[in-house]
Each structure stands twice: as C-alpha cells, then as structure tokens.
Amino acid sequence: MTAIFLRRSRIGSSPHPPNPASRAFSLRSLFSLAAPSESRVEAPKPSRFRGSDGSAGGSVAGSGAPVGASWVRRLEEALGRSGCPARFGGLRSFAARAAAVEPATSDGLTVEGILSSQWTILDESEGDWKSHAAAIAQSISLIKRRLQWKSLLVRLELLSTQLNKPDLWDDPQHAGKISREHGRLMAKMREVMGFEQELLEHIDMIKLAREESDADLELESLQALLRMRRFSKEKELEALLAGEHDSCSCFVEVQAGAGGTESMDWAAMVMNMYKMWAQHRGYGVTVVDEMPGEIAGIKRATIKVDGEYAFGYAKAEVGVHRLVRISPFDSNKRRHTSFAAVAVIPIFGEDFSHVQINESDLRIERFRSGGAGGQSVNTTDSAVRIVHIPTGVTATCQNERSQHQNKASAMAVLQSRLDQLEMARQAQMNAQHTQSLTEISWGNQIRSYVLHPYRMVKDLRTNYEVSDPDSVLEGDLDGFILSYLSDLMDKDEASP
Amino acid sequence: MKPCTLRPSFVRAWPCIASNFSTSFFQLPPPPPPPPLAHARNVTQIRHRRFHSSLSAPPPPLLASSPPSLPPPLFLRPPKHTTTVSELLEWHSWAKSLAASVGSSFEDSDNGPDSSLLCRELNWLMDDVLHGFDPSLMGKAVARDDPDIVISLRADVQELYSLWKQRIEERRPFQYIVGCEHWRDLILCVRDGVLIPRPETEIIVDLVGDVISKDEGLREGLWADLGTGSGAIAIGIAKILGNYGSVIATDLSPVAIQVASFNVQRYSLQDKIEVSEGSWLEPLKGVEGKVAGLVSNPPYIPSDDISGLQAEVGRHEPRLALDGGAEGMDDLLHLCNGAASMLKPGGFFAFETNGEKQCEFLVDYMQNQLPGSFCNVNTLSDFAGIQRFVTGFRNR
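Read top to bottom, the protein sequences are chains A and B. In case it helps, full-length UniProt numbering puts the first sequence at residues 1 to 496. In case it helps, full-length UniProt numbering puts the second sequence at residues 1 to 396.
Simulated from the structure, these hints should not be mistaken for lab results. Among the hints, a few may not be true.
As a list, the in silico DSS-like pairs of lysine-lysine whose alpha-carbon atoms are at most 30 Å apart [stated by the list, open to error]:
| no. | chain 1 | residue 1 | chain 2 | residue 2 |
| --- | --- | --- | --- | --- |
| 1 | A | 299 | B | 290 |
| 2 | A | 275 | B | 96 |
| 3 | A | 165 | A | 458 |
| 4 | A | 333 | B | 96 |
| 5 | B | 214 | B | 80 |
Listed next, the stretches of chain B that the computed footprint assigns to chain A, with coverage defined by at least 3 CB atoms under 8 Å from CB atoms of chain A [said to hold, decoys possible]:
| no. | segment |
| --- | --- |
| 6 | 109-122 |
| 7 | 192-200 |
| 8 | 302-313 |
| 9 | 371-377 |
If the Cβ cut is set under 8 Å, some of the chain A residues that face chain B in the computed set are [to be verified]:
| no. | residue |
| --- | --- |
| 10 | 293 |
| 11 | 350 |
| 12 | 374 |
| 13 | 380 |
| 14 | 384 |
| 15 | 401 |
Glycine residues also receive a C-beta, built at the ideal position from the N, C-alpha and C atoms.
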C-alpha cells in the first residue's frame, strides 16, 4: 500500500512546500490508519486533542501518558506558592502568558535553537540523539504552524480575559461557549508545550548521563526520544484536524452540473467515490436522499457520514469536480467534460447551540404525490420535503421506509443546514478564517479527473496529482485530502 | 371515568385471542423479548427442552374458525436458509430486470409504482431477507472473485423468485410480500385480509399527540381506534400516551383482530390496548359518554370507484376496509353519530376521509344535523395538500 502510494508524485509546487521528510512521514502514518483491510477497523482511532470542558487538558487520548501533566503540575505548584488569590482565573491567564516564554534546557537550548542549528536528521535506526531531537523539533514547529500557534495564544489570552469578568455567567449560554472554546484551546496549548518540555527534559537527561557516564540512563533517554519522534508524526496529522467542528459527523451532498445524463452519471461516480472512501475509513454511510437521473446517474444525492472527524476530512472536498472522458452515452465517442458540485455540512453535537426551529415556520409536503392518496393508493414511496419558510432552506428525505422517519431524517438535514448557515453568518461577523461551505459557485473548480486522452487526477488548489484515476474513484482520496489540509494550514499561518 | 370500569367485559373477549393468536397466526412464537431477558429465557428454554423434550408438542390451535396461517413476515423468520452470493446475485439481477421492464406502465395505467420505486422495494426486500450481511458487501464478494461465499437468508432463493413474481406480475402489494409495513417508528406485521396502513394516517397520531400535550385529562382517559386493521393507530397512540390512559382497538374482521393482537404483543402493549372484535361502536357498550378520544380511518372510497383502483389496492386489499358505500360516507356518518354519544364532554375525535368533498360534508353534517354536539370542528390537510382529516371536540 505504501509502495503504491509513494509511487505517486507530487508535481508542481505549493506556495509553501513543506519539508519532504515530514510529508512522506505523515502520509505514511495516514496510510497506517487507512489501509484498506479489515484491520483498519481495529486500528486505534487517531487520538485527538481533548479538553472541551476545559478541565482535563494536557492528556493525550490513546497514548495513556499525560504528556503535559508534569508541566502543568509544576505550573500549579508555582502558582500555589505565589498565593495567587483568583486561582483559576490566574492560572488561565498565566498559562497563556507562560506559553509565550519558551521552555529551555538547563543550558538554554530551545526548540527554536535546535531548529536553527540544523542538525542532520538521520534515519530513526541510527540512534543519534541530535537526529531524534531535530526531527521532533521539526514536528513541533509544523504542529505549531498547523495550530496557528500565534493566533491561538492571542485568542487564548482574549478568552482568559473574558473568563475573568465577574459578570460572565449572567449569560450562561455565552459563558458556556467561551469556556468550552477556552478549554479546547488550552488543552491544545498545554499538549504542545508539554511535548516541547518533554523533549528538552530528555536532552537534559542525555547530557547529564554523558557527564556522569551513566550508559543506562543515556540509553533510556535515547529510547524515550525515539518514542517521541514516532509519536510526533501522529501529532502532526492530528494537528490538521484541530478545528472546532472537525470531529463532527457530516452530510456529503453531490449535485450534477449542466449537461444532462453525462453529468448525472459523473455525479453518481463522485458520490460513489465518497461512499467508498467513507467505508474504507470505517465510517457509517447512510443514503438520506437521492434523486436519480432519467437515464443514468443522479441529479442530486445526500449521504450521512457517521464517525469521528468525518467533517474534518470531508470538508477538503467542497467545490466543483470536473471530469474529462470519452462519453459512454455518446454514440460518436466524443470527449465530454462534466461537472459535479460537492457540499459538506457538519452535524453539530449535543453541546452546540442549535438554531431553534419553530414548527410554524415549516411547510411539510409529500415529495411526489399523485391521485387521491389515502386508502385509494398503496405506495411505498413516502418521501417528504420540508421547507423552512423564513430562510427558504429545504431538505428532502426519501430513503426511509416510513413517512415519519423520512420526515425525521429530513428534519436532521434541515437542522444541520440551518446551523451551518448560522455559523457562516457568525463567521462573517467575527471575520475569522472560516470557509463558507454553503455557496458553491460552478466556477469554483477544485479538482480535475482526466480519463482521456491521458489519465490523471489533479487537485487545482494544491497541484497534488495522481496518475491512477481508478483508485481515486474507488475512494482513495486521503492523499488529496491531506495535502489540501496541510496547504490550508500553511496559508492560514502565512496570512496575518 | 376510570378505564378499569370497563375492563371485565373486555377481559372476557381477550384471553382466547391472547392465548391463541400466536400459535395460529404466522406460526410464530410470541414476539422476541428484549435482549437482556432473551438470554435468560433462552437458558430456561434449553433446560426445559433437555428435560421434557419428549413431552413438549406444540398446542393445537384453539379457534377452529381461525384464518389459514401464513408464513411469518420475512424479517421475523429465523435465518435458516443458506445460499451463495452468486445465486443471490443471479436472483437479484433477474428481479431488477423484471422491475426495469415495468418502466412507467403501471404508473400510466393506474398510478402504480414505476421502475425506480420497484427497485427501491427490491433493496428493502434484500434488507429483510438478508441476515447480518451488508448488501453493499455483495459487490465486494464479486470484486474479490469469491462468488461462492455462503450467506444465510430468511427465505430460500426459490421463494424469493416466487415472491418477486407475485409483486410484479400479480401486483401483490410489497407490504404483503415482506409481511410488514414500516409506519411511523413502528414495524407492523400485515397480511392479506388486513388494510396496509397508509403514510397519511400517521398524522392522526400526531394530532392526538398535540391534543394530549395540551390536556392532561384527555391523556389519562380511554382512547378508541375503531376499525383498527393492523392496530397501527392504536399502537401509535398507546406509545404517545406513555404511562397514562388506555386504548381500545376494535375491528369487525377476525383477521384484523389477530393481526392487531399480534402487533400489540410485539410491542408489549397488551396491558395498554384492548383488541376487541365487533362492528364500530358495539364493543364500546357501557362506556357511552366516557371516551376521551375517538379516532378512525374507516372505509371511505365510494363503491363505484373500487373497480378503478390501483391494482395493488383493488385486487389485493380487503374491500371491507375500503368500500364506504355509495358516497363513501356510510361509515363516516355512523362514526359521527357515535362520537356524539360516546365522547365525554371535551373529548376529541379525528377521522380520515377521502378528501375535500367528504371533509366539507362531514363538517356541514356535524354543524347542521348534530347541532350543539361538537365544537372546534376543523379540516386538516395531509402532506400532499389534500384535505384529509376532520377533527373536533365534544361540547362541554
């Protein structure tokens, strides 16, 4: 699998070419999670930054070891000694400030220092501590870039200030939101800081061991560094999915562009690609809505992709996908270009404050209805469409076996659409870097799939390309998704 | 009124049905118990068998006049048949091409199903017949070049051929083919001789839900579903009543009574719903003026329209449940009069009708022929926008 993957070249250059070593590594670790075998389901879920409640920050799910704990404990001890009166509020803002102070070894070596001394990075098996340390430092730097480290610290400081306001809990909903975001960012910050601290501690230990000629201690610390080096590759990947809603399940929608049967067939191929991608990843896939084309393919379809980080990955697919091929529907065997648009809608969890929907704002109708209905008609088709009158947003479900359940599914889609609309509206107000997923213009092409006269799939955003369209159409999308996500992070960090 | 005042008369009718239907109808043991109990029960059953195997023979049916037993609904049968993926695929592609050959011919002739709907039914048939096997894996078996993977089914492939032939060639309703209808969040068993509950009728339960959420007194009372058929409305109401109130479900047809009783037991609602055989209001004798709510989906199709019905309905569903007399109003009018005498002051009624004409006629009838009996009489549309329901309250 790895071999196949590595054969694919990455032609062209992005504005910020990442370190080739780290990319190869992160792609490999991605594949270890996504190999198309039964064992994938058993493979440990990628551990993510936790701490939405703001209390249990620092621990790394899956690793078993609370990476940041030692650092946090020392910080709290320090605070205890300083006798800070507002302990928790003080802790928060102190922690944010402390992050600006770089951790260092006893002789003043920092992660930045390691990076700038440009130690040669040898293979893992070489057992050279400088090499391990340099690789880990590089990962830390990449993770920080992906987490938008500087703006994260600024945001954290801002949230801490708000949390310390005495009247915060006058508006519990707002307070909950602030405190959740604070907890989430704090956990991330602590984890990275803890990781950094741990690296420097091991370096200290190695230096100490050498001074005292303690071979056991040196070996032990070296092995600890190697473990960290391997672990850091996993962390790099996780940092790509650190967005607030990345862990959600989602709906994926595909709509055929102009061009009749040709495009409808392409839309069906695209939808199938996502179904297979999701199944390979171990996600649950349910068809919510499907409008078949008259002759072949689909006009439009919605699937629900259920599982952790479904949205985080799938959001990379939003936009227009273009196909060039010899048409199977054209008796003259001419080359055709078809388009399909993809939208992805996050399904927010319990703790998200959903848009309130008033029953009276809804118009519910049978999707296809004819004749007298009632006892005169026996049909298994009970599709419904729900129209949210104030916004004009609609949702349809036709794949359940009862009208009641079609209505419930359509309501879930409607809720997510309205939530997304509201989120996009708020994002505009806050002028954050939130990509609006609601409006997809047909000019917004993200990827080309060429089956004729040559064979290639190329992402127009990242220039990532693959010369085997069949595997991509069978759901092998992770390379595209990952390269897009890393590029997105680089761009975000570059912009002020 | 307390529901228990009328219990004795029902209990007399109930035990023979309750003890009998499970053996005569669908040849099935009572519905599967919930998982934790299932384990315990299995243990005792095994022990029972071990010690008394020579003695335990199935009891003979108690009712001589019971309708002929049918095979149980597909989804409740044990997966004791096996076949290879390739054989199943062969059947599937045959079934699919048969469905495709229909095109829009049924739709054009009597508003019947088109190919795409039949294909969706085929998927559902697969869902019901496959046991613990994801249909999408079928393609994979082919991709892995192993079409001889053995899978277990709830019916043998020969039966599947014959079932799908019945569906297409005889226009036998899909719900009779699989033996069930998904209705609201329920899976109701149905069979020939019983009306298949319609999606429109789901709304009656929502209407009752709205009413009881505003009036606790009605929630605690007795609700009647007259002409219950498969028991759909009665079960829907019983579930939203929760721990309050009770329901009586009546029907003239012995088949309907058995099917309804089976469904009631499958949802463990036998303590909440009395299923009672009899014409319309007859089983309600003794509770005049005490009923909190009265709902019904009575036969309302005008007799002359029966011959022109969609084949699935006209050829296969029971005329008793469809034919409402010359204007289709015979039973609806009878129920209006019944509601006036049965409902307690403030009691609620909801009836399903054939459409706008019948709705208007009923409203007019109630206001002019039964003046002062009802208030807040309204008509309501189904999701297709057809005036479908008449609702109102008994005057206080």
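Now the hints, each set against the structure:
As the CA atoms of residue 299/A and residue 290/B are separated by approximately 55 Å, the hinted pair breaks the 30 Å bound. Of the pairs offered as hints, the one joining residue 275/A and residue 96/B holds, with about 22 Å between alpha carbons and a cut-off of 30 Å not exceeded. Between the alpha carbons of residue 165/A and residue 458/A the distance comes to roughly 51 Å, so the proposed pair goes past 30 Å and is violated. Only pairs whose Cα atoms come within 30 Å are accepted, and residue 333/A paired with residue 96/B is accepted, the gap being roughly 28 Å.
Proximity of residue 214/B to residue 80/B is assessed by CA-CA distance (about 49 Å); at most 30 Å being required, the pair is judged violated. Taking a C-beta to C-beta cut-off of 8 Å, the segment 109-122 of chain B contributes 6 residues in contact with chain A, enough for the three needed, and the coverage statement holds. Given as covered by chain A, the segment 192-200 of chain B passes the check, having 5 residues with a CB less than 8 Å from a CB of that chain where 3 are the minimum. With 5 residues bearing a CB less than 8 Å from a CB of chain A, the segment 302-313 of chain B meets the requirement of three and the coverage assertion stands.
Evaluation of the coverage hint for the segment 371-377 of chain B: breached, as 0 residues show C-beta separations to chain A shorter than 8 Å, against a requirement of three. With a cut of 8 Å, the hint placing residue 293/A at the interface with chain B is violated, because the nearest CB-to-CB distance is about 10 Å. Among the interface hints, the one on residue 350/A is violated; its C-beta lies about 21 Å from the nearest C-beta in chain B, farther than the 8 Å criterion. Satisfaction of the interface hint for residue 374/A is found here, the shortest Cβ-Cβ separation to chain B being roughly 5 Å, below the 8 Å cut-off.
Residue-level restraint check for residue 380/A holds (minimum Cβ-Cβ distance to chain B is 5 Å; threshold 8 Å). A hinted interface residue such as residue 384/A counts as satisfied when its beta carbon comes closer than 8 Å to some beta carbon of chain B; here the least separation is about 6 Å, so the hint holds. With 8 Å as the threshold, the beta carbon of residue 401/A comes within range of chain B, its nearest partner Cβ sitting at about 3 Å, so the hint holds.
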